[in-house]
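Participant: Single-letter residue listing:
There are 2 protein chains.
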Amino acid sequence: MKLTILFGGASFEHEISIVSAITLKEKLAGFNLTFIFCDQDHSFYLIDASKMKATTFSRGEYKKMPKLTLSSGTFVQKGLFSKAEHSSTVLNLIHGADGEDGSIAALLDFYSIKYIGPRIDASVFSYDKRYTKWLCNARGVKSLKHEELSLKEHNNIKIPYPIIVKPSRLGSSIGVSIVKEESELDYALDSAFEFDTRVIVEPFLQGVKEYNLAGFGADGKMHFSIVEEPQKNEFLDFEKKYMDFSRSEQVLKADVSKELESKLRTNFEKVYKGMFEGALIRCDFFVVDGEVYLNEINPIPGSMANYLFEDFAQSLELLANSLPHAKRARVNYEYIHSISKAKGK
Amino acid sequence: MKLTILFGGASFEHEISIVSAITLKEKLAGFNLTFIFCDQDHSFYLIDASKMKATTFSRGEYKKMPKLTLSSGTFVQKGLFSKAEHSSTVLNLIHGADGEDGSIAALLDFYSIKYIGPRIDASVFSYDKRYTKWLCNARGVKSLKHEELSLKEHNNIKIPYPIIVKPSRLGSSIGVSIVKEESELDYALDSAFEFDTRVIVEPFLQGVKEYNLAGFGADGKMHFSIVEEPQKNEFLDFEKKYMDFSRSEQVLKADVSKELESKLRTNFEKVYKGMFEGALIRCDFFVVDGEVYLNEINPIPGSMANYLFEDFAQSLELLANSLPHAKRARVNYEYIHSISKAKGK
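Order-wise, the sequence lines are chains A and B.
Under our numbering, residues 1 to 345 are what the first sequence spells out, in order.
Under our numbering, residues 1 to 345 are what the second sequence spells out, in order.
Simulated from the structure, these hints should not be mistaken for lab results.
Nothing here was measured: the structure is a model prediction, and the numbers come from that model.
Since copy identity is lost for identical chains, a pair holds within one copy or between any two.
Within a straight-line C-alpha distance of at most 27 Å, the following computed BS3-like cross-link-like pairs (lysine-lysine) qualify:
1. K273 / K158
2. K253 / K221
3. K263 / K221
4. K83 / K2
5. K83 / K64
6. K64 / K341
7. K27 / K341
8. K51 / K114
Sequences and hints are given; from them, build the entire structure.
Facilitator: Right, here's the structure in full:
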């Protein structure tokens, strides 16, 4: 199968995206892959597969590679006397800003390029943790209670300690702190506000059971990965998660009852349907007293959560053949014609 | 002031956008205006001001005008031996799809072009009437109860007749019907589902008081238009609204008490703050038993609701000088460098 891996982006998770792309190069060795890099200035570059290593980017060597622009249905590489098109289905692998905030989705939709990844709406509801809560409420999915803080107003937190402080719009644990007592609060808020103007606070549940489940819709039904119980030392810090994005070995299925697995799947589907079509997402859940709570949605999980699927390549191909496509309105100038006619022009 | 009016789009409201742009050409005669047209194939054209009339578009004459592409900070016009840039602040005047669904916002943000109009999140929450209800709930603003219908499930509507049936994602009354009894339901549903796969139903409130209020945030505070009581014959049909978009004469202030005006403003501000910054929007309210209900948000109102402002040109200039700008993450390859170092490479 032909597939274009689009990665990079002007995001705090830029480097993680590079690691994800390198990992997928290995996992999708049977595919005919094209690599397109979006740098922090939003220029696109065609990266030769043999150059897919971290230093190509950190040393700026990518800048010598062919620059691409967007055009209807394709990325275009313009030479002095030539023009090459790169038009295979895109896998949006840009984590964080650009990739997950709806920008890349809008760009690819606007230029009619088929892609695997969340659409604009789905991006907005998963990128900002506040909106994820609104989605949960509307869909009957439980989520932890929370409070929103702004730079101006961040006193009077009512949730008792320990609490967890998070930038509202970042993933990969960037800017996240666990606060056990008030004396630690200011530092945690400073860290969070460094990355976002919007911060949320939730209760920190010591020793809570966590389960991750990935999946996607294709052929009119849901396809789920195995359930994973992520290892944790309090919570994964950024460096740990960074390494985590290069995972490519299939993990072991968590020891969960059929009943719990079914509950996790039901909650996943409530969140996914009518919102995330076209994307392979990972939902991270908490289980408290047998009740399932959605913690967060990763609409472009690190290395596409390949390690949770028994046959990742096959799953991706199935999804690629089931992508939604936006119906575009056609214009017939009916009203202008009828008015011109009425005016006798 | 220099301003680029971006209009057209692949939308059922394409023609309305043309009418809006022609109206603003007249209203903003003191500005240095550039006109950029987005056609239904998503190509951009530079339109000479003297050609800003409906037939330029309905007869396809725009296709002979210079084509533009997007580049960092600007629209670019490429000649054989030349390159001209059109980089003034953009007024996003594309109604409906493209303009109001977040696509144009994402495009302009991605290419770092300053613009007046809703950002991606604000677009998503105003474009789909279901999400507007979620926003209302979260912000403590009342809205009418509703039910969602999908093509597969649209029986068992519990709201008693008369009801109003609307496509979830279109404006300008397209596909909207009032249904007084069950026998009229099928036709109404067919009309709505012709335009959207998502349809909502609300109670139809005969003779309800309606008030429109426009406004925007600038210089750290809200600026409001006068309150208008829109004329109505049941509700405005598309053709009527179409003519409505060419309005340029200031309307009379509705006869509302200071108390009601203040309630409308309070509700407007609850919806606007932390969401619609950068946009001049119009909120349409119902008033039932003295209580204010948000009916819908027009994030790019027809001809920018110019007729509601005492000094429209000045208002727009104030807003143009107060636009939010997205802070872009910078990348320093810290993790890749540290890993390379650890590996001794």
